[in-house]
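Given chain A, work out where chain B should sit, using these hints.
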Amino acid sequence: MAAKVDFIGRSGAGPREAADWTRRQEFMTDLRSVRGRAYPRVIGLMREPSWVLFEILLPFLATSAFVFVYRAIGAPPAYVGFVVLGGALTAFWLNVIWMMANQLWWEKSQGNLELYFAAPMHFMSILFGMALGGMVMSSTRAATVLLISGTVFGVAFRVDQWALLLAVFVLTLGALYGLGMVLASLFLVWGREAWHMGQMLTEPVYFVSGLNFPVARLGFLGALSVTFIPLATGLDAMRQLAFADAAFPLGTPAPLVEVAILAVMTVVSILAARWMLMAMERRARRDGRLSVRWQ
Amino acid sequence: MNETIPPFAIEVDAVRRVYAAKPAPVVALEGIDLRVEPGEFFGLLGPNGAGKTTLIKILTTLLLPSSGQARVFGFDVERDTKKIRRIMNMVAGGEQSGYGILTVREQLWMFTQFYGLTGGDGWRRVDELIEAVGLAEQRLQRVSTLSTGQRQKMNLARGLLNDPWILFLDEPTLGLDVSAARSLRELIVDWKRAVPGRTILITTHYMAEADELCDRIAIVDRGRILAIGSPGELKRRVQRESIFRLELDHLDGGAVAIASLPGVVSASEAAATPDASARQTVVMNLVLEDDGALGQVVGALARMGSEILGLRKSEPTLEDVFVELVGRGFAESDVDAPEASA
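For the protein sequence lines, the chains are A and B, in the order given. If you count the first sequence from 1, position 200 lands on 200 in this note's numbering, and the numbers rise without skipping. Each position in the second sequence, counted from 1, maps to that position plus 1000 in this note's numbering.
Among the hints, erroneous ones may be present.
[Claimed, not checked] Stretch-level coverage of chain B by chain A, calculated; a stretch enters the list once three of its residues show a Cβ under 8 Å from a Cβ in chain A: (1) 1029-1040; (2) 1096-1109.
[Said to hold, decoys possible] Have a look at the derived ranges for each label pair, beta carbon to beta carbon: (3) Ser-50/A with Gly-1327/B: 25 to 35 Å; (4) Thr-22/A with Leu-1325/B: 44 to 54 Å; (5) Glu-1037/B with Gln-199/A: 45 to 55 Å; (6) Thr-22/A with Arg-1124/B: 58 to 68 Å; (7) His-196/A with Ser-1147/B: 51 to 61 Å; (8) Arg-1035/B with Val-170/A: 48 to 58 Å.
[Unchecked claim] Capping the alpha-carbon separation at 16 Å, the derived lysine to aspartate or glutamate pairs in EDC-like fashion look like this: (9) Lys-1082/B with Asp-20/A; (10) Lys-1192/B with Asp-1215/B; (11) Lys-1082/B with Asp-30/A; (12) Lys-1313/B with Asp-1215/B; (13) Lys-1082/B with Glu-17/A; (14) Lys-1022/B with Asp-287/A.
Quick caveat, the hints were computed from the structure, so don't treat them as lab data. In this text, a Cβ means the ideal position worked out from N, Cα and C, and glycines have one as well.
Okay, chain A solo, but in the shape it has when bound (with noise of 0.2 Å):
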């Protein structure tokens, strides 16, 4: 019979001492929470080969198309290369508005939230799990799309600062897996209407973002608004970095004001993140928001 198995645990001191905790327990348990929330992120990558379909193939038909449009219409060939990569970088907006903005809601109909409030670690190690596993999940297929887009569409790329633009690609990733804690937090109190949030943000943003040209294109102004998404900012690096010998200027800030903007914004969006978290999760606990059964 199972149960005649032990139950004994660890516990030797009481129920007053095992609350107390030092600093380092406090930050292992948090450090250990962000590996522990990833992790179903990362196996989840070989566990569900459907999205090789959904994650690649289709971003890889809407990719050719602007591809072909380019081509017929004569365009400058370094627009191949930038569309196949805005069309490897969608892979992480998708995966920000869907599995990080709105997870949270989802978390909650699935009685998992009101598990990670009830538990020690401070919430954001689960964002930052969320966001680490969401990077590794993302950065797999934005790898898979811009090598077989690449390879299909002859691109070629020719990159002078491969410090410089794995920088972006790494200060890009923190601004936006900030920003998508920064809308968790938000979505933590906005319930249901965080789906049509998402659904509403979606495509704006692939527009704005000019993951199918260049956001010079838009003009000056144009292309200055949409610094603050941190997509744009770091689509526009990557791409002036990416494709040093682009025959054409693109007329927006150098990479290294953008390292510099991407740097500010993963900060301030992390930091925005927890203060309002914080502040949601008081708002969540009196108005019980936490958790779908609540009598």
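Structure of chain B alone, referenced to chain A:
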């Protein structure tokens, strides 16, 4: 906090909780007072909508009281949330938490990380608990493929991962078949017995479950605690008469004579039924003013030549207690909870 006096495991003072709802606010808790000793198995018994889950959510730091104070092992639910979360855990009936794509083992390991166990310790703890709850065969099975009973065993294992000092169980056997529910109850009892001081607060609307498991029970209805006591104490509150069921070889209309005896409130003959050996027996239901009157009944039966084949004393159930306190049964008092405002 005075360290010389051990705090109550649960201390609730005048807790009131009101939900904003349309067309009118819903009062889920109406000034609850409660004390639970460390090591107690305490039950909240009441129909749907009584406020049981609301109280659990307040104690597990998921909900703030509208007014009043609640403490868990001396920690305030509003200010000391982190400390409470380190020593407690919770399991709800019908819980669908986690991710179906993970195996049972992986899912439990994920939760160990939220309680700060190292990777290795986490896997070891998971394997111990999987063994303890009897899920060894399903350990590598995906969570999405588990049966309801298996899933609830996994949920219980999840609730024990951090070896909590206090475990909150919200209708833990909800939706389980008789065998799975019994198995789960045995696991809960075994876990609690293993280490003195472990405290359990369980909510249920299954009377027999509360009766079987709990040291003390609070009967809750419409946000108020109507009575608190051990199951025996609560039942004695409504037991004013002694009720017996006698199985006799024959009675031949003697019930009327028995009913006229001093101390006998009523005596009635039930339908004759054959026993296991196909022998005809007669059942008599007997209500006495107190147990002392039974001697006279036995004597009278002997004089009539009736042989007593069986005798059983009937005790009131917790449902009788509830009916006595509320004036209606559980089924009548089940109300639909209003939709959450989220």
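The hints, checked one at a time:
{"no.": "1", "hint": "1029-1040", "in the structure": "violated (count 1)"}
{"no.": "2", "hint": "1096-1109", "in the structure": "holds (count 8)"}
{"no.": "3", "hint": "Ser-50/A with Gly-1327/B: 25 to 35 Å", "in the structure": "violated, 57 Å"}
{"no.": "4", "hint": "Thr-22/A with Leu-1325/B: 44 to 54 Å", "in the structure": "holds, 48 Å"}
{"no.": "5", "hint": "Glu-1037/B with Gln-199/A: 45 to 55 Å", "in the structure": "holds, 52 Å"}
{"no.": "6", "hint": "Thr-22/A with Arg-1124/B: 58 to 68 Å", "in the structure": "violated, 22 Å"}
{"no.": "7", "hint": "His-196/A with Ser-1147/B: 51 to 61 Å", "in the structure": "violated, 36 Å"}
{"no.": "8", "hint": "Arg-1035/B with Val-170/A: 48 to 58 Å", "in the structure": "holds, 54 Å"}
{"no.": "9", "hint": "Lys-1082/B with Asp-20/A", "in the structure": "holds, 10 Å"}
{"no.": "10", "hint": "Lys-1192/B with Asp-1215/B", "in the structure": "holds, 12 Å"}
{"no.": "11", "hint": "Lys-1082/B with Asp-30/A", "in the structure": "holds, 12 Å"}
{"no.": "12", "hint": "Lys-1313/B with Asp-1215/B", "in the structure": "violated, 23 Å"}
{"no.": "13", "hint": "Lys-1082/B with Glu-17/A", "in the structure": "holds, 13 Å"}
{"no.": "14", "hint": "Lys-1022/B with Asp-287/A", "in the structure": "holds, 14 Å"}
Checked against the numbered hints listed earlier, the structure breaks hints 1, 3, 6, 7 and 12; every other hint is satisfied.
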